[in-house]
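Starting from the structure of chain A, add chain B where the hints point.
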Amino acid sequence: MDVLLAPFAYDFMQRAFIAALVVGVLCSVMGTYVVLRKLSFIGDGIAHASFAGIVIAYLRHANYALGAGIVAVLTALGIGFVNRRGGVSLDTAIGVLFTGAFALGIFLMSRAPRYSVDLQDYLFGNILAVSSSDLMIIVGLGIVVAIFVVVLYRPLLYSSFDPIVAQASGIPVPVVDYVLLVLLALTIIVSLESVGIVLVAALLVTPAAAAAQLTQRFAQMMALAVAIGAFCSVGGLYLSYYLQSASGATIVLLATIVFFIALGLRRAF
Amino acid sequence: MIAVRAQGLTVRFGTVAALENVDVMVNEGEALGIIGPNGSGKSTFLKTVAGLIKPESGTIEVFGKPPRDLPPGTIGYVPQVEEVDWHFPVTVWDVVSMGRFPHLRPWERFGAHDRSAVDAAIDALGLRALASRNIAHLSGGQQQRTFVARSLAQEPRLLLLDEPTTGVDAATEDALLALVRGRVRAGLPVLMATHDLDRASEWFDRMIVVDRKVLASGDPQAVLESGAYTGIREHTHVHGHMRT
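First to last, the sequence lines map onto chains A and B. Each residue of the first sequence is one higher than the one before, starting from 1 at the first, in our numbering. Each residue of the second sequence is one higher than the one before, starting from 1 at the first, in our numbering.
Hints may be right or wrong, so weigh each one.
These stretches of chain B come out as covered by chain A in the derived footprint (C-beta under 8 Å, 3 or more residues) [what the hints assert, rightly or not]:
(1) 43–57
(2) 103–112
Each computed EDC-like pair below joins lysine to aspartate or glutamate, with the alpha-carbon atoms no more than 20 Å apart [said to hold, decoys possible]:
(3) B:Lys213 x B:Asp23
(4) A:Lys38 x B:Glu20
(5) A:Lys38 x B:Glu83
(6) B:Lys54 x B:Asp23
(7) A:Lys38 x A:Asp121
(8) B:Lys65 x B:Glu28
(9) A:Lys38 x B:Asp85
(10) B:Lys65 x B:Glu155
(11) B:Lys213 x B:Glu82
Hints are computed from structural coordinates only; laboratory data are not their basis. Virtual Cβ for every residue (Gly too), placed ideally from N, Cα, C.
Chain B extracted, bound-state conformation:
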């Protein structure tokens, strides 16, 4: 079944085009890698799939519907860690438990299934020892794992990851890779923006190179060997930095 279908997707911020005429399709049980230089539209694409940004033209469908028409809890989104206030008075357990909130009606109690989903996500990300720790006292990698755990606790039908390996140590990256691949094997579709090109073949079934438009698409190895990737890499080196 098709999980995500973008057709002719164009997104503009004022007069600046962030995405132009993008066509992407992702099936269930498939991990799609999205690579591109600084400001290429990777995060914009993920946010559009999540229903956070309305496209100017074209269509985006998740499981056959516009993202905003989906039942709550369908899309799990892991943003870059710097997008929240890490001094907010909550613990790791509190944050992970928020993943259950979309499934709960206001008057519903936080039930046994909700607790077990939160506990399972905490254990899967190796956060048990940190569960009662305030989030202000986490390292960058621990913050990232907390965000991923929250998205897993949500039990989404689609997972969107925005550079989850940025700033994490090798052990955390290994753990995230194993976890994501396990979920993909179980049928979860995953879209992930990344700069981690060295292990692209391990992470993804397919990959696209984005620089406002889709420049290349296909098997990770083939994309890495394509001219599109080389162009991106040279562009990145010339400009001296990658997107953070």
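Here chain A stands alone, though its shape is the one from the complex:
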């Protein structure tokens, strides 16, 4: 029991566990849509694009999460716009916009007076550095995303499975798609400080992909993905505490192991 409770002796670890739990749950819920819509690339894309916002916020001495959030949401909407109005395929739109925004971040950083270690935290994640105000933002955005996902459960499901018929029957599919992109952007922002830009896509995709191996019902897949995501986030944080390893990487490695176990279970049964 002491082994389980030991990390909670520190305030920063308490905050880290709450942040890990919120991030694990949110990423898994949104990841269910990401996996089923075959949008794995988008998590990577929006996360990398948000780097430009972080650098701009750094240069302006503004809040990093706010800068990342604005650029992430704009990139998400831009991806949707270029895809729908420009007649460009979604993966191409993601590829162009995310590399463009990421390059802007690097460009601005290269012109900055000096390189900041803080920026590295956003690239690779440092959940132990989550402050009380960060935690409030994470929980607040998490609640907003969760409310939208619950309220839009049916339109999101229908437009994910069969967007053409959903639209013909009167579901506002383009609006639903844009809302999904914004929710994805917010989820990624919430996750950035925990697992970092480089690894956030894994947390979006891997728990949902593991769940997909174990069930053939949508609601069960989402519930299972949440359970796996929460387990990997909290479990990964425990492991990183005792192994003295990078928290984001440990969380993602644990999720990867769970994915291969799920894959093995599906093939065995």
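For chain B alone, coordinates are given in the frame of chain A:
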């Protein structure tokens, strides 16, 4: 009452005309068959009626309004089965229940009427034994019946069917025919793209031959005996395949 009225309808994809100056009218309680060769614009026409494609010129009205201005759930559309991911984690019941989604506000519960509409559609298509089966494990005919059941569960005022008999067995086709004719008798207007010309007179009250333009229109037997149909058939045989 007029259910569908297309006037001077022209649809282009880039520089390619998919439909040119098409005039079509369908009344309530009437089944219209749409035949034509590969790439003739049959599916494009149905999608335009459904409000999925915006015409370049001309007008399309469903119950007197542009399709996108209709209340949710008005138009039931059954696409060709290959247009969705059949490995999506849903059962037959889940898919059929989606037909009710356009009628439900986000905060509304899936009520007793919704359940009875889904159950009735499942029974009408003979899917009761498959209701809890994952859609990945359905045959082509069962997939088609699931799509039709979803559109019936929606209780639409207009039904659009895109080649619903492609790849289905004779028994399924008989069941679909009886079902559609029953709904038409009850007043439902139906537009259906098809290659099933042998039973056209059983399916439809009227038929049009489309090859970008409407080449012939009228009683199914008369259209089948017209030169337009012969031309289409020869064209199809020369080119060796029909639209899939």
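Tested hints:
{"no.": "1", "hint": "43–57", "verdict": "holds (count 4)"}
{"no.": "2", "hint": "103–112", "verdict": "holds (count 3)"}
{"no.": "3", "hint": "B:Lys213 x B:Asp23", "verdict": "holds, 9 Å"}
{"no.": "4", "hint": "A:Lys38 x B:Glu20", "verdict": "violated, 36 Å"}
{"no.": "5", "hint": "A:Lys38 x B:Glu83", "verdict": "holds, 15 Å"}
{"no.": "6", "hint": "B:Lys54 x B:Asp23", "verdict": "holds, 16 Å"}
{"no.": "7", "hint": "A:Lys38 x A:Asp121", "verdict": "violated, 29 Å"}
{"no.": "8", "hint": "B:Lys65 x B:Glu28", "verdict": "holds, 15 Å"}
{"no.": "9", "hint": "A:Lys38 x B:Asp85", "verdict": "holds, 10 Å"}
{"no.": "10", "hint": "B:Lys65 x B:Glu155", "verdict": "holds, 19 Å"}
{"no.": "11", "hint": "B:Lys213 x B:Glu82", "verdict": "violated, 26 Å"}
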